[in-house]
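Could you put the whole structure together from the sequences, leaning on the hints where they help?
Going down the list, the sequences are from chains E and G.
Anchor point for the first sequence: position 282 equals 281 in numbering that gives the first Met the number 0, and the numbering is continuous, going up by one each time.
Anchor point for the second sequence: position 111 equals 110 in numbering that gives the first Met the number 0, and the numbering is continuous, going up by one each time.
Don't read these hints as lab results, they were simulated from the structure.
Every value quoted in this text rests on a predicted model; they were computed, and no experiment measured them.
Where a beta carbon is used, it is the ideal one built from N, C-alpha and C, also for glycine.
Careful, some of the hints might be misleading.
Unchecked claim - Over 10 Å on every C-beta distance to chain G, these chain E residues come out as not near it, computed from the model:
#, residue
1, Glu6
2, Leu13
3, Val78
4, Thr112
5, Pro155
6, Glu310
7, Ser334
8, Arg363
Claimed, not checked - Here are some chain G residues pointing at chain E (derived, C-beta under 10 Å):
#, residue
9, Ala131
10, Gln134
11, Val222
12, His223
13, Tyr248
14, Leu256
15, Pro257
16, Ser259
17, Leu271
18, Ala274
19, Pro276
Spelled out, the chains give:
Protein chains: 2
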Amino acid sequence: MAAEFPEQFKVTALAAGRRIERLTKQAREFDVSLVSVEREEDVAVVRGMLPGVDVRWGSEGLMEVALSQGVDMVVAALVGAAGLTSTLGALEAGIDVALANKETLVMAGQLMTAAAGKSGASILPVDSEHSAVFQALAGHDAAEVKRIILTASGGPFFGRSLESLKEVTPEEALAHPNWDMGRKISIDSATMMNKGLEVIEARWLFGLGAERIAVTVHPQSVVHSMVEFVDGSIIAHMGVADMRGPIAYALGNPSRLPLSGMALDLGRMGSLTFADPDFETFPALGLAYDAIKEGGTMPALLSGANEVAVEAFLSGLIRFTDISEVVKMAMNDYSPVEADSLEAVLEADSIARDRANQAVKNIRP
Amino acid sequence: MAAEFPEQFKVTALAAGRRIERLTKQAREFDVSLVSVEREEDVAVVRGMLPGVDVRWGSEGLMEVALSQGVDMVVAALVGAAGLTSTLGALEAGIDVALANKETLVMAGQLMTAAAGKSGASILPVDSEHSAVFQALAGHDAAEVKRIILTASGGPFFGRSLESLKEVTPEEALAHPNWDMGRKISIDSATMMNKGLEVIEARWLFGLGAERIAVTVHPQSVVHSMVEFVDGSIIAHMGVADMRGPIAYALGNPSRLPLSGMALDLGRMGSLTFADPDFETFPALGLAYDAIKEGGTMPALLSGANEVAVEAFLSGLIRFTDISEVVKMAMNDYSPVEADSLEAVLEADSIARDRANQAVKNIRP
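Take a look at the structure:
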């Protein structure tokens, strides 16, 4: 996006994990003055490859990138909990965050939105569903919103029975009908936990209770999400399934960038269908709603437990239908506490992993 | 709407044609101080039925209603050209107009939008397609609009060939698949001239050239219209097909009114389809685009000629497929003039009727 629209954007600093080649290539392309890597051991190599560039590492390096001179937007796209501290730091400093990381709001939605509210920073969603809601809400009075309706592809097992899902293999579950994704998110899509996590994110992004966030199964992924108003009007965002759309909207906000190759051919796209989600076959979705209602650190617990369960399924330790079972067992009898600090959130994540690992052991044949 | 939301609205004056019973009933219900009827001969009767109410008649009466003390919105729902003068008067006086009359913008769009622009009055569309576009545009930058896409039910003959439409009877053409309408508008829906007239209205309401107004055939009438932006995003308005929605949006603007019974059941509405319009089978749509491109008084001519042609079809004088033929013949060799006065517009309407009647005579077996 920055390469396509050099007039609009200037990349000033970059952070990466261990993909050093890619980092140095992008650092040269955008002529940045600061980069950060995950591990100290990579610093010397990167310094050698990027003379004149300030090279940092670890969570302090991330924070320096997020808060570096002249930054007016941070694109938060690190995987997992790694970016929580720096994202919170940016929001506290009043810097807008384009958010492509799910854990940020699932685990620490209360903290993040409170920080943004206090500093006046915006959290701009980069995934297609929340971007769609964001765009559908623009120009309308939030007090007139009846509910938001997130669309879900339904995953590869939409229409199947719970019983028939017991013998599903990782290979089957990784085959997403509409697009290629990472392994974790593909499984989350198949269990519909992915949509559950999005419901939790929506709860924070749009400040609505769980009862005002609905999900509809729309396998064609043309309608990216909708907002229903008190007069029955539904404002929907439609388009091709291409992440360039939501990325451009978050970066360009409040302006839209003229993107090529994004035109939806209405006359040739086939028919659009919508169905109510099946909470019985896909219990993960219901667990996410439960987590919102329980509140506090319960969503963080759900997220952490789900990561363990998905990994256990991919490793062949548990069955597909056990994924939700593990999450449910982890949530069972857990008493959430206030999610008012990153420590509380990370502690819940840690408890989640212990509980989920124990549940996997109990289930494993 | 005024009866349902007495806190929001106060009806102060009413105008009617010859339906005296209904006028007096409504005048009592809303305790209005001024009414106007079409003909002088009805004035005495109405005065007798509404003691203490000021009763006027004719086009002067209409104008007095439109400009009466304390009015901040005129609902223009008279049929045909009768309301042109008073609607223009209201707009010139800076009074917002909720527009439910098609001829106003088709015949005199240039005049009306110029008057509104000068005085700062708003024209609020009351039909579902334009209301949908209006709602989809809210909060977005007009400069970022690529095109608007009006949805069309396609009428009862969607999917048929031109040849097969030659023997269509008025009874067949009057059977609209989705809802009951008046006879004229039912035939316009069957020929798709209805959509052509809406394209002309959209040209004025939204200030876009014909090349930026598209039509898609969507028989389910769930998506009421759409706006496509430069980034490929499409913002659509969806809902049940109930005129209470657009009426409430026009009257309540910028607030939405909480309407009951308007919720769309996504899970049960069936699949949604979209198809490109068939300009060969439904030439009326193309004629409307031609009229916009010709400009000036050509749309007024098209509208007038179409009225005559529809009447001739309903009277059994011409075939269904001759309706567009008559309009085309009327447009042929007509040189439009500037539509910069109501006189010019009404003159074009008169020429249209002469030309169309002549065309009917030429066609009639």
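Now for the hints, and whether the structure bears them out:
no. : hint   : verdict
1   : Glu6   : holds, 15 Å
2   : Leu13  : holds, 25 Å
3   : Val78  : holds, 26 Å
4   : Thr112 : holds, 21 Å
5   : Pro155 : holds, 20 Å
6   : Glu310 : holds, 33 Å
7   : Ser334 : holds, 35 Å
8   : Arg363 : holds, 37 Å
9   : Ala131 : holds, 8 Å
10  : Gln134 : holds, 6 Å
11  : Val222 : holds, 8 Å
12  : His223 : holds, 9 Å
13  : Tyr248 : holds, 7 Å
14  : Leu256 : holds, 6 Å
15  : Pro257 : holds, 4 Å
16  : Ser259 : holds, 9 Å
17  : Leu271 : holds, 4 Å
18  : Ala274 : holds, 5 Å
19  : Pro276 : holds, 9 Å
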